[in-house]
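Going letter by letter, the sequence shown gives residues 1 to 68 in our numbering.
Treat the hints loosely; a few may be bogus.
Said to hold, decoys possible - Here are the computed distance ranges between Cβ atoms for each label pair:
id, residue 1, residue 2, range
1, Gln63, Gly5, 15 to 21 Å
2, Pro62, Leu26, 26 to 32 Å
3, Gly17, Arg48, 31 to 37 Å
4, Asp10, Gly36, 31 to 37 Å
5, Lys18, Arg64, 30 to 36 Å
6, Asn21, Arg48, 19 to 25 Å
7, Gly57, Arg7, 15 to 21 Å
8, Asn21, Gln63, 15 to 21 Å
9, Asp10, Glu37, 30 to 36 Å
10, Arg7, Arg64, 17 to 23 Å
These aren't lab readings, by the way, just hints derived from the structure by calculation. Even for Gly, the Cβ is constructed at its ideal location relative to N, Cα and C.
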Amino acid sequence: AALGGIRPGDVIMQVAGKPINSVPGLLSAVAALRPGEKTVFQVQRGDRMLELGLTPGVRPQPQRMRQR
1 AALGGIRPGD
11 VIMQVAGKPI
21 NSVPGLLSAV
31 AALRPGEKTV
41 FQVQRGDRML
51 ELGLTPGVRP
61 QPQRMRQR
């Protein structure tokens, strides 16, 4: 996210044109994105509304816990 221009304090308002109203809504919208396909995120930064073009990468696979 930081590489795409999202900064601490930014409020994500839309992902790919879909309104974001909650953290679960944001997680769902991001999970639906295709890796490598540029997507527009609309963010509120202070009193300004910005559109940032971001290209999501491949989600890392969760590491399995080692058995002891």
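Here is how each hint holds up against the structure:
At roughly 28 Å, the beta carbons of glutamine 63 and glycine 5 sit outside the given window of 15 to 21 Å. Between proline 62 and leucine 26 the CB atoms are about 19 Å apart, so this pair departs from the stated range of 26 to 32 Å. Range check, glycine 17 to arginine 48: about 19 Å between beta-carbon atoms, so the 31 to 37 Å window is missed. Roughly 23 Å separates the CB atoms of aspartate 10 and glycine 36, a value that falls outside the hinted 31 to 37 Å.
Between lysine 18 and arginine 64 the CB atoms are about 33 Å apart, so this pair conforms to the stated range of 30 to 36 Å. The hinted window of 19 to 25 Å between asparagine 21 and arginine 48 holds, with their beta carbons roughly 20 Å apart. In this structure, glycine 57 and arginine 7 meet the distance hint of 15 to 21 Å, their C-beta atoms being roughly 19 Å apart. A hinted range of 15 to 21 Å for the beta carbons of asparagine 21 and glutamine 63 is inconsistent with their spacing of about 31 Å.
The given range of 30 to 36 Å is broken by aspartate 10 and glutamate 37, whose C-beta atoms sit roughly 21 Å from each other. For the hinted restraint 17 to 23 Å between arginine 7 and arginine 64, the CB-CB distance of approximately 33 Å leaves it violated.
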